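Colleague: Start from the sequences, fold in the hints, and give me the full structure.
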Amino acid sequence: MEAILAVVIGVLYATGLYLMMRRNIAKFIIGLALLSHGANLLIFTAGGLSRGKAPIIPEGAEAPAGLIADPLPQALILTAIVISFALLAFALVLFLRTHQEIRTDDMERLRSTDR
Amino acid sequence: MNAWLIAPVALPLFAAILSLALRTRVRFQRIVSVCANAAALSIALALFNAVRTDGVLVLQLGSWPAPFGITFVADLFSAIMLVLSGLMGLAVAVYGLATMDEARERHGYHMLFHVLMMGVNGAFLTGDLFNLYVWFEVMLMASFVLLSLGGERAQLEGAIKYVALNFLSSALFLAGVGILYGISGTLNMADLSQVLAQPAHQGIINMISMLFLVAFGIKAALFPLFFWLPASYHTPPHPVSAIFAGLLTKVGVYALIRVFTLVFRQDVAFTHQIILILAAFTMVTGVLGAAAQMDIRRILSFHIVSQIGYMVMGLGLFTELALAGSVFYIMHHIIVKTNLFLVAGVVQRLAGSNELKKIGGVYRAAPWLAVLFLVPALSLAGIPPLSGFFAKLTLIVDALRGGSWAMAAVALSVGLLTLFSMTKIWNEVFWKPAPEGKPTLPLAAIPVRERIALLLPIIVLATCTVCIGLGSGWMFDLARQTAEQLLDPRDYVTAVLGVTEAP
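Chains as they are written, first to last, in my numbering: chain A, 351 to 465; chain B, 105 to 607.
For the record, the hints were derived by calculation from the structure and aren't laboratory data.
As the structure is a prediction and not an experimental result, all values here were calculated from the model.
Glycine included, every Cβ here is placed at the ideal spot set by N, Cα and C.
Simulated restraints on C-beta separations:
| # | chain 1 | residue 1 | chain 2 | residue 2 | range |
| --- | --- | --- | --- | --- | --- |
| 1 | B | I287 | A | E458 | 37 to 43 angstroms |
| 2 | A | V443 | B | L523 | 42 to 48 angstroms |
| 3 | A | I354 | B | L149 | 53 to 59 angstroms |
| 4 | B | P303 | A | I354 | 30 to 36 angstroms |
| 5 | B | L504 | A | A425 | 48 to 54 angstroms |
| 6 | A | A413 | B | L504 | 54 to 60 angstroms |
| 7 | B | E540 | A | L442 | 45 to 51 angstroms |
| 8 | A | L442 | B | S167 | 37 to 43 angstroms |
| 9 | A | V443 | B | K542 | 34 to 40 angstroms |
Modeller: This is the structure:
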């Protein structure tokens, strides 16, 4: 399972970074989205994949019985998904405003602040 | 005092909610803004005082014991940063009273400002890496909107570059956090510093440390990852760019210093050598970039980059004296840089522009403003007895002691080039006559109340700069104690985890 996920993460990172290097801002934003998915899956995989039970401590016990799945990576991913969703929404609105204002989706033409 | 650690985060949050509720009532928002920032500064000073007398303060949120819950920690370094952020917040809030336009205030400028301060303070206080990521995002989100609020063409262009690179940096940071959790099973920084002290996994730890270096390097505007900064910092209104210039990159530097003194300290010969080389390139490219610019704020933006080099240089040298130099440099730089941006705002008001070619004669029209510019400008260049001199001196002395001749030479020559840039601004903006048909207004042309709001923060910050210079002995002792704490994190670890384990 790790091997498959590793390949998936690799593909997500590669396509994400490739799209981010394009001049088109829309493609760039899609690249950002793919990259953050890659990062989320990376946390998921690096946190350890185990076929454990849900991490719920039975009543009266101090620790859960047997092998349990680590809940923390999922909590981290959930937080990261929410954050990247907000960022993505902002990036899209920013792109829309820029497009209305400057009438271009080409990064190369956004150079007035670099000079 | 421990429970008060939540206040620097909670207070701006309440202020933000209040501002949101008072959306249409700009007057009340302004009052809330000044009061909240003044309160934040007083709390920060009280915390600083408590940390100085009682040592490291720790707050376990929700009373979950250390490696499991989220921990807020204030050691000397955090406390100093909190005081600085409080001071900048108040200065810029007062300054904003006279410069922000009502449209932006109606659309949430005050609310976003509080959220920004919340993110910055949270990043300084947290003792958990993932929580640090969350605070970074809070801060970034607010800064994205502040940067693009108003929707002028230049702002939008600057915002796209800023958003793009910071998004990338967050993704790398997140990846680093994930892998680190995978090998160590913890994200509490104090716990990490113990777990990673065991000599296993050295190769992969170095790899992770490089991920963090790139992620924080983008936020701190290290060479070669700084391009977003000079492309965006000169586009928003002056109060916004002043608070950005003072605090945001320094949060990146703070995170670098924190992580590379507490967590990644096993292979100093490798990691800190890379940091040192990056610092040298950062200084040189920043200052050379500034030499080519013809807009006050763009010149100052490039100087942020070059000054970041000095702060990171102390981390790269990794001795007590060098770290003390870094801390001193941060204290000096935040005040000076914010102040220069504030002065640039007044120049804009009087002369109508920030482009060197289009303005002039400010000295004749407003001689006192020229004096107020000279204090931070000369301090930035490192002229004694102002604060910048002692900060640079410490770093250079340590570089010479450690035999890093090249580093010392770079630091000295960059100082000289900084002086060149400041002289350029002085000549073009203050000294040369105003261009034909565009006379520069005197300070008296600004209504009295606005004049006070504009000049008071500048005067206070300039006084701070002079005081840091004159009281440099006391400040240096403070920086030295901070560096001691950073180099020997046992106090920090004990305070957070509660138990002492033999290292």
